[in-house]
Amino acid sequence: MSALIIGTGIDITDITRIAIMLRRDNFIKKIYTPVEQEYLSSKKMNAQSAAGIFAVKEACSKALGTGVRNMAWTDIEVRHDQLGRPYALLYNNARELFEKLGGQSIHISISHERFFAVAQCVLEGEGQNEKYCKRAADAGD
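By the working numbering, the letter at position 28 of the sequence shown is numbered 28, and the numbering carries on one by one without gaps.
The hints are simulated quantities; they were obtained by calculation from the structure and are not laboratory data.
Backbone N, C-alpha and C define an ideal beta-carbon position, used for all residues, glycine too.
Fair warning: there could be bad hints in the mix.
What the hints assert, rightly or not - Derived pair list, reagent style SDA-like, types lysine to any residue, alpha-carbon separation capped at 20 Å:
#1 K30 / W73
#2 K100 / R69
#3 K62 / D14
#4 K30 / A19
#5 K43 / T16
#6 K44 / K62
#7 K62 / N46
#8 K62 / R114
#9 K100 / R79
#10 K44 / Q120
#11 K29 / N46
#12 K62 / Q120
#13 K44 / R69
#14 K43 / R24
#15 K30 / K100
#16 K29 / R79
#17 K100 / E113
#18 K62 / R24
Said to hold, decoys possible - Here are the simulated distance ranges between beta carbons:
#19 F27 / R114: 30 to 36 Å
#20 E99 / G67: 25 to 31 Å
#21 S41 / T16: 27 to 33 Å
#22 F116 / V35: 22 to 28 Å
#23 Q104 / N70: 34 to 40 Å
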């Protein structure tokens, strides 16, 4: 069986709002994993980078079909490969839901400009749960 798109999500985040929130230590600890905090520290807590990571978390939670309820913000982690490309890892409740949906891979993209960061998440998998996953050809049934 070929892989199917089992979820998509997109989010746009106000960078100014994130810049204000970054002044609060409890916000950083609640939203960002230790790996993400280290990355943001290396970027001098750059609000664009922080907003991009935040947008990925929102986009992935939407792709999972739940939003951020029933999972912690830190259940979705953004890392970067050697070329600086972002990728997402899922933990705890987010990982369980991804597996329940038959998920195999996560594709993310982040972009930002002066005021906004945007992220997209596409989940790919076998589509184990027909309630959530249908082939495009079956969509009209």
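Comparing the hints with the structure gives:
In summary, the hint linking K30 to W73 is supported, as the alpha carbons are separated by about 7 Å, within the 20 Å threshold. Under the criterion of a C-alpha separation no larger than 20 Å, the hint pairing K100 with R69 is consistent with the structure, at around 16 Å. A distance of roughly 18 Å separates the Cα atoms of K62 and D14; the hinted pair therefore holds under the 20 Å criterion. Distance hint between K30 and A19 is fulfilled; the C-alpha atoms sit about 15 Å from each other, no more than 20 Å.
A C-alpha spacing of about 16 Å is found between K43 and T16, which places the hinted pair at or below 20 Å, so the restraint holds. For the proposed pair K44 and K62, the alpha carbon gap of about 29 Å is over 20 Å, so the pair is violated. The straight-line distance between the Cα atoms of K62 and N46 is roughly 25 Å, outside the 20 Å bound, and the hint therefore fails. For the given pair, K62 sits about 24 Å from R114 by alpha-carbon distance, which is inconsistent with the 20 Å threshold.
As the CA atoms of K100 and R79 are separated by approximately 23 Å, the hinted pair breaks the 20 Å bound. A threshold of 20 Å between alpha carbons decides the hint, and for K44 with Q120 the separation of about 24 Å lies outside it, so the pair is violated. The straight-line distance between the Cα atoms of K29 and N46 is roughly 16 Å, inside the 20 Å bound, and the hint therefore holds. With a CA separation close to 10 Å, the supplied pair K62 and Q120 stays within the 20 Å bound.
Restraint check for K44 and R69: not satisfied, since their Cα atoms lie roughly 30 Å apart, outside the 20 Å limit. Only pairs whose Cα atoms come within 20 Å are accepted, and K43 paired with R24 is accepted, the gap being roughly 17 Å. Simply put, K30 and K100 have alpha-carbon atoms about 25 Å apart, too far for the 20 Å limit, and the pair is violated. Between K29 and R79 the alpha-carbon distance is near 16 Å, which keeps this suggested pair within the 20 Å criterion.
For the suggested pair K100 and E113, the alpha carbons sit about 35 Å apart, so the restraint of at most 20 Å is broken. A distance of roughly 25 Å separates the Cα atoms of K62 and R24; the hinted pair therefore is violated under the 20 Å criterion. Checking the proposed 30 to 36 Å range against F27 and R114 shows it is violated: the Cβ atoms sit about 22 Å from each other. Against the hinted window of 25 to 31 Å, the Cβ-Cβ separation of E99 and G67 comes to about 18 Å, which falls outside the hint.
In this structure the supplied range 27 to 33 Å is violated for S41 paired with T16, their Cβ-Cβ distance being about 21 Å. Between F116 and V35 the CB atoms are about 24 Å apart, so this pair conforms to the stated range of 22 to 28 Å. Hint check: Q104 to N70, Cβ distance near 22 Å, so the stated range 34 to 40 Å is violated.
The structure shown violates the earlier hints numbered 6, 7, 8, 9, 10, 13, 15, 17, 18, 19, 20, 21, 23.
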